[in-house]
Every structure is written in structure tokens, then in C-alpha cells.
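Chains F and Z supply the protein sequences, listed in that same order.
This note's numbering runs 1 ahead of the 1-based position in the first sequence.
This note's numbering runs 1 ahead of the 1-based position in the second sequence.
The set of hints was computed from the structure by calculation and includes no laboratory data.
Source: prediction; values computed, not measured.
Quick reminder that beta carbons are idealized off the backbone N, C-alpha and C, glycines included.
Hints may contain errors.
Derived DSS-like pairs (lysine-lysine); straight-line CA-CA distance at most 30 Å [as the list claims (entries may be wrong)]:
1) Lys326/F - Lys122/F
2) Lys200/F - Lys335/Z
3) Lys324/Z - Lys335/Z
4) Lys105/Z - Lys381/F
5) Lys335/F - Lys200/Z
6) Lys277/Z - Lys381/F
7) Lys335/F - Lys335/Z
8) Lys312/Z - Lys117/Z
9) Lys324/Z - Lys268/Z
10) Lys265/Z - Lys168/Z
11) Lys335/F - Lys326/Z
12) Lys163/Z - Lys277/F
13) Lys324/F - Lys200/F
14) Lys381/F - Lys326/Z
15) Lys381/Z - Lys326/F
16) Lys381/Z - Lys117/F
17) Lys324/F - Lys335/F
18) Lys335/F - Lys145/Z
19) Lys312/F - Lys381/Z
20) Lys252/F - Lys105/F
21) Lys109/F - Lys381/Z
22) Lys109/F - Lys326/F
23) Lys324/F - Lys403/F
24) Lys381/F - Lys113/Z
25) Lys312/F - Lys102/F
26) Lys381/Z - Lys335/F
27) Lys381/F - Lys335/Z
28) Lys200/F - Lys335/F
29) Lys335/Z - Lys326/F
30) Lys105/F - Lys85/F
Residues of chain F placed beyond 10 Å of chain Z at every Cβ, according to the derived structure [claimed, not checked]:
31) Leu75
32) Arg99
33) Asn302
34) Gln323
35) Lys326
36) Tyr330
37) Pro388
38) Leu395
There are 2 protein chains.
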Amino acid sequence: MASRRPVCRLLSQSKANIQLSSRRSLATFPNPTASRLTFAPLKRYVGLAALGLLVSAPLAYKMAIDESLKMDSLSLAERDQQQKREQGVTDNSPMRLRMEKFIKEQQKEIVKELEKLDGTKFRTDEWQRKEGGGGITCCLQDGKVFEKAGVGISVVYGTLPKAAIMKMSANHRNIVVNGEVPESLEFFAAGLSLIVHPKNPMAPTVHLNYRYFETAKPDGTSGAWWFGGGSDLTPSYLFDEDAIQFHRDLKDVCDKHNKEYYPKFKKWCDEYFYNKHRNESRGIGGIFFDDLDETVSDKENTFAFIQDSLKSFIPTYVPIVQKRKDMPYTEAEKEWQQIRRGRYVEFNLVHDRGTSFGLNTPGARVESILMSMPLTASWKYMHDPEPGSREARLVDVLQSPKEWV
Amino acid sequence: MASRRPVCRLLSQSKANIQLSSRRSLATFPNPTASRLTFAPLKRYVGLAALGLLVSAPLAYKMAIDESLKMDSLSLAERDQQQKREQGVTDNSPMRLRMEKFIKEQQKEIVKELEKLDGTKFRTDEWQRKEGGGGITCCLQDGKVFEKAGVGISVVYGTLPKAAIMKMSANHRNIVVNGEVPESLEFFAAGLSLIVHPKNPMAPTVHLNYRYFETAKPDGTSGAWWFGGGSDLTPSYLFDEDAIQFHRDLKDVCDKHNKEYYPKFKKWCDEYFYNKHRNESRGIGGIFFDDLDETVSDKENTFAFIQDSLKSFIPTYVPIVQKRKDMPYTEAEKEWQQIRRGRYVEFNLVHDRGTSFGLNTPGARVESILMSMPLTASWKYMHDPEPGSREARLVDVLQSPKEWV
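This is chain F alone, in the form it adopts within the complex:
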């Protein structure tokens, strides 16, 4: 059982575990009111299919306990491995296995499409965690079109200590077991993260991340679960038509699932990706959200939304890069891009909660976390764009986020 495994495991975990779980344990977002949508019906997902158990009453609860004692020698990771081996992954599998399968497929698809666009192969590193799970980091560096492109997935099993459970319980009451905060809980986290920095300063940087988190109760059943993620655009030179297309595509996906998503998630994005020491946003927007759980929508519908969002990346971003990758540019425009890259580094190292928590945690896979850094960046003292210039226009928009659609 979870409680028998050391609670300090979180402190020696690999990067993926840190990145994903930290976003949760540190999840007090800039505008907490934006973090909860209350219009959807609450449906409680009971993830017992994997164990062949049905729970409906105190007797059933006792059965579950007895069963979990028998399963004691198997961790959540081992049980999932066993199920994959014996039954494969189907629409009836637990969300953990379906999310893992989905992000692995998407990683392959995205890498394939970016390789086609660039004409350069990604380097692929697969890494394992001894506690269960691992990750695959794909990186393309100094290509023809891309200065750096990283697409990483991670699938992590671990144990949450009581302090982390306490924090999470503020947002997720299902994490509590029988009204009490347990000493420890097994958790599962899986996600896909990508970042693309094109060479041409007219082509925008893009970032995307979609993730799923779930806790297991001590009896092996699913406890709390939620999805989070988003995608945002960071141009050095602003083409309104690109910004509009990017946001229209995201809005279309959101609207298909819930008309309240897009306006809330666009606002959340503007608020989260904000370099407050510069009084400007990192980029020109996109969507960002967290805590999509049963208080917002049911698990199946939320997963469908996540799938549509992630699948929309290639058809949204690739046409923008195709239009911009061969545009002429001056040395001064390249320098401006380098200064914007510096601001990107500032956000990621100073303000991004996942990155800084990860970097401050011993044993993290640092190269996967810092895959998000640009290949090159620059800092110039007191560099102010000329009033009325294209550079000044970008800064104006970064200081006053725009509604593009």
C-alpha cells in the first residue's frame, strides 16, 4: 500500500514527476476565481474497473480493503503494467492508460510533422524512473527552420506526502479519504509538453502542455483526478492575422466542448504567462487552465476536450511557421528576437512554478526541464524600442493583452 512506501520519494524523483506534481502542489493560480467553473454536473468517477471491484456500501468498502491487502505487493504502476500486458489499452481502460497511450501517439505525430517541416531529425531520449514510469524527450536543435524544438512526454507514478495532500485538498475534496487526510497517497501524472523556437524572427515561438493527474486511495480505487494545460504563442514580430488564426482555432476547439471555456482560459493564460517584473506578458495569448475535474465536467468529456486541444496543435501552428519561415529579416530584427528570447528565459526561470520547483528539487532530470530554453538569448541594458516601431507595437500588446477573436 501507498503508505508503506517512503513519503520522501517525491524529493528524489525524476523530472517528469516534479514538473507535473509540482504544478499541482503549488497550484495557487494568479486568479483563483478563474480556476473553477461551476456550471457542469458533478459526476464521481470510480476507477475500479482495473481491479474488478464494485463499491457501493460499507461491506463493499471492507471488500476493497481486503482486496487491496492482497494486492499489497503490487504498486499502482505494477498493476497498470499488468493490465496493459494482459488486456492492452481500450476505451474501457483506466484514464491513466488511455492518457499515456494518447500522449505517446501525439508525441510521435508532432515530431513527425515538425521533422517534415524542418528537414532535420529529432534526437530521442527515453528515460525510466525506478519507482515506475518514465519519459521520452525528443529534441531538435539548430535545424533549418527551428533553432530548438522539444517535445517531451512523461508518465509518472509516485507517492504524495501528507503535506502535499493537504494543499491539494483545498481544490480537490475527493483527495480526502473518509473525511481525513491520509499520511500518503499513490499518484499518477502524465503529460505532453512542447516548445518550439523558430530561427526566423518573423515566426513565433509556441508552447503547449496537456497533463492528467490522479490519486489512488489506499484501497487502490481512484481518488481525485484532474486535467490541465493550454497552448500559447510568443512572437518577436506580431502579425495580427497569425494571432487571430491561432486564437480562432483554440476558440473553435473550446466552443465545441463548452462556450465558457475560451474566455476563461484566454484570461487565465494572459494572467499566468506574465513577467510581472517587466509589467508585460510573455506572449500574446492562447489558453491556459488547470483543475478541470468533476466539478467542471465528467472525465470522458474532459478527456475528449484535451484530445481535441492537443490534436489541433499541428494544423494551427504549422501553417503559421510555413508563412513566416522564409521571410527576409535584418540583423536588427534578429537582435530583437534575441532580446525577446531573454524575456522568455526570465519568465521560465523566475516565474514559472513548474520550472522553478523542478530545478529546486534534488534529482530532477534538468535537461528535460530546460529543454524549454532557447538555443540563444540576449540581454541589453536599457534597450527600448523606437516609439511607433513594430517592436514597440509588440510591447504595447504585451502590456495590454488583446482579445483576438
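Fit chain Z to the given chain F structure using the hints.
Chain Z alone, transformed into the frame defined by chain F:
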């Protein structure tokens, strides 16, 4: 009196205030045991010369209170201004005025010497704080020898809120007034910071900072005081002779004042300037210390040590740059320098308490804080130096700090 001024002033202060005071209010150093030297006699400095008061008994205390009530309309900054105007700054002036005069002279001297070496003039920006004090930031960018060199001083008057006083009282009992933590206290902070990034990858980056902090009691007398600072070297290519010379010069200055300083301050430097997410030091050493107060030595002797340390900068660093600035180097060596610059950025943005506190504080003078950033930096995914190479040798030393002298 201090308590009448708003305690939230710290939150809207300029950069210098933040940088200096934050280092104090956040001052829980990596190795707390290294932060206190207990061998020196305790001498209590009573900074009343400025007010013409003598304090020896309860009666004198009452006199001081009455006097301070008369002075009530003048802040510490205004009183210091008045004294400078009427009497100038002499060896009998309060340490505040002497430290300010000293760092201003040193800034001019250092800028002059670096300009001579580079053949390029610094840009100078003077800025004021409406609450009192201000700073002078001198920056040279894209010169002949230096990619970027910044020399900044700041002289700041402000008010500490109770929470900050509470924290400081753990290390500085003199900050407490009559056994109680007051609601607020006026403070003074002054320091000189510099950072030099040469162009040639064979010439090392250097950082230096010396600072003085003092609180005023509600009656206008000096409360707690302490000095802090240090200087450290960050080469991309390691020349042992440079490392040895740099450390020998620092050791000579330290030994002149106290034979226990150098070993303690070298260790403190290795521990503080540590990129723990990389398991390597930022640079190859130097000295670093804080909390040099009356429990270590008296104020006069400590100021003499600070003066000698700061004055040793030019004769220590300039000869190293002169030897390296025209050495031939390859494109690959320049790239390695850029990667090391990236690590420098990582330390400053992720781990340096002063920088991150400053950047997270509204109203900070960001350009002065980030003057420390290199002009250019690079991040390469999974870049590992060849075993046995000069690059690998540097990493070895960064992973196992060396005693150079």
C-alpha cells in the same frame, strides 16, 4: 519618527533598496554555522555623534527620546542630508555617510580603470528614490574587451515593517528596542555591485558586491549594523595561475584583518554560488560573507576590511584580463563560453536570493538588477564536454570546489 511612515514602503521601493534589504530579510544562508564568527570582542557602537547626544543612563535615554521628538519632522535621510551639507563627511561622520562616500569614489575609480582597459566609455544613469537616496548605474556594453560590464551603487533609506525586523532579530539582537520588536524601524543600506563579462572566452567573468546595512532606533540612534559582500571568479576556461592569483590576493586582504576570514569566506562563497540543480558551482570561488557585525569585530575595523577588499578589485582582476583578452580562440570555445553564460543566468534567476526577491517586488528598477545578465547566452540540450578536455576539467572543478591557496 519611523513608525509614522508607512510600513508598506518596502513594497514600492526602488531596486537598490530591494537588493540590499532583501539579502538581509532573506538572510538564511546555506550554512548558518558559517555566518557567525565568535572570536572577536563585542564592542557596541553607539551612533549618536550625528545628533550630538551622549547616552549612558536612563536620564540620557529620556533626553534622547525628547531630542528625537524634536527631530520628529526629519527623517534619517533628511538628517543625513543636513549633516552632509553643514559638516561634510569626515572620519567622525556616521558610517552611513562614510560608506556612501567610499563606494561613490570606488565606483568612479573602477569605471575609469575598466574604461582604460576597454577603450570604451560607460553609460551612466543616476536615479533617485522619492523616499530618500538613490543610485548610480554605470554600464558598458559590447565594448572591445568587455561584452558587458556593470558597476552600480545604491544608497537607500527606508522603513522596515515588523515582520522584517522579526526575521532580522534572529541574527541581530541589537535590532530589538528595549527587549521588544518595534512596529517599524528606519533603515539605511548602501552598497556597490559589479559584474564584468569579457568577450574573450579565455578571460573570466567576475562579480563583486560590498554593502552596509544599519537600522535606526525610534529615538534616532543607531540600532543594528552589519557589512556583507565578497568577490568571485567565473571562468569558461580555467587557468590555474589566474585562480591562484585571484584567491591569493583575496587571502592577503583577509589575513591582514583576521586569519579566520579567508577559509570561512571561501567556503561560504563555494556554498552560496552553487547551481544545485546542476550539482556544480557557478564559478571557481572567491569570498562571500554576511552579518559582519559587532559580534565579529568592531565597526571601524570591519569598515577597514571592507575598504581593503573593495580596493583590491582592480589590481586583482585587471592583470588577469590583460593576460587573456587577446588570446586566440575557436568558434567551439566561444560556444562553450555561451553555454557557461547560460549557467550564470540560471544561477542569477533561479537561486540568487537578492535577484529573485528584487524581480518579484513591484516597482523594482529591473534594468539595474538585470545589468548582471550577460549580453549573450546559450542553452544546448544534453551538451556534455568531451572527457579529458579543458571543458571537462572546468566542470570537474565546479563539481568539487578547490582550495587554490
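Hint check results:
no. : hint                : result
1   : Lys326/F - Lys122/F : holds (18 Å)
2   : Lys200/F - Lys335/Z : holds (20 Å)
3   : Lys324/Z - Lys335/Z : holds (18 Å)
4   : Lys105/Z - Lys381/F : holds (24 Å)
5   : Lys335/F - Lys200/Z : holds (20 Å)
6   : Lys277/Z - Lys381/F : holds (27 Å)
7   : Lys335/F - Lys335/Z : holds (19 Å)
8   : Lys312/Z - Lys117/Z : holds (17 Å)
9   : Lys324/Z - Lys268/Z : holds (27 Å)
10  : Lys265/Z - Lys168/Z : holds (24 Å)
11  : Lys335/F - Lys326/Z : holds (27 Å)
12  : Lys163/Z - Lys277/F : holds (26 Å)
13  : Lys324/F - Lys200/F : holds (13 Å)
14  : Lys381/F - Lys326/Z : holds (22 Å)
15  : Lys381/Z - Lys326/F : holds (22 Å)
16  : Lys381/Z - Lys117/F : holds (22 Å)
17  : Lys324/F - Lys335/F : holds (18 Å)
18  : Lys335/F - Lys145/Z : holds (22 Å)
19  : Lys312/F - Lys381/Z : holds (28 Å)
20  : Lys252/F - Lys105/F : holds (25 Å)
21  : Lys109/F - Lys381/Z : holds (22 Å)
22  : Lys109/F - Lys326/F : holds (23 Å)
23  : Lys324/F - Lys403/F : holds (22 Å)
24  : Lys381/F - Lys113/Z : holds (22 Å)
25  : Lys312/F - Lys102/F : holds (14 Å)
26  : Lys381/Z - Lys335/F : holds (19 Å)
27  : Lys381/F - Lys335/Z : holds (19 Å)
28  : Lys200/F - Lys335/F : holds (9 Å)
29  : Lys335/Z - Lys326/F : holds (27 Å)
30  : Lys105/F - Lys85/F  : holds (14 Å)
31  : Leu75               : holds (33 Å)
32  : Arg99               : holds (30 Å)
33  : Asn302              : holds (37 Å)
34  : Gln323              : holds (25 Å)
35  : Lys326              : holds (21 Å)
36  : Tyr330              : holds (18 Å)
37  : Pro388              : holds (18 Å)
38  : Leu395              : holds (18 Å)
In the structure shown, no violation is registered for any of the earlier numbered hints.
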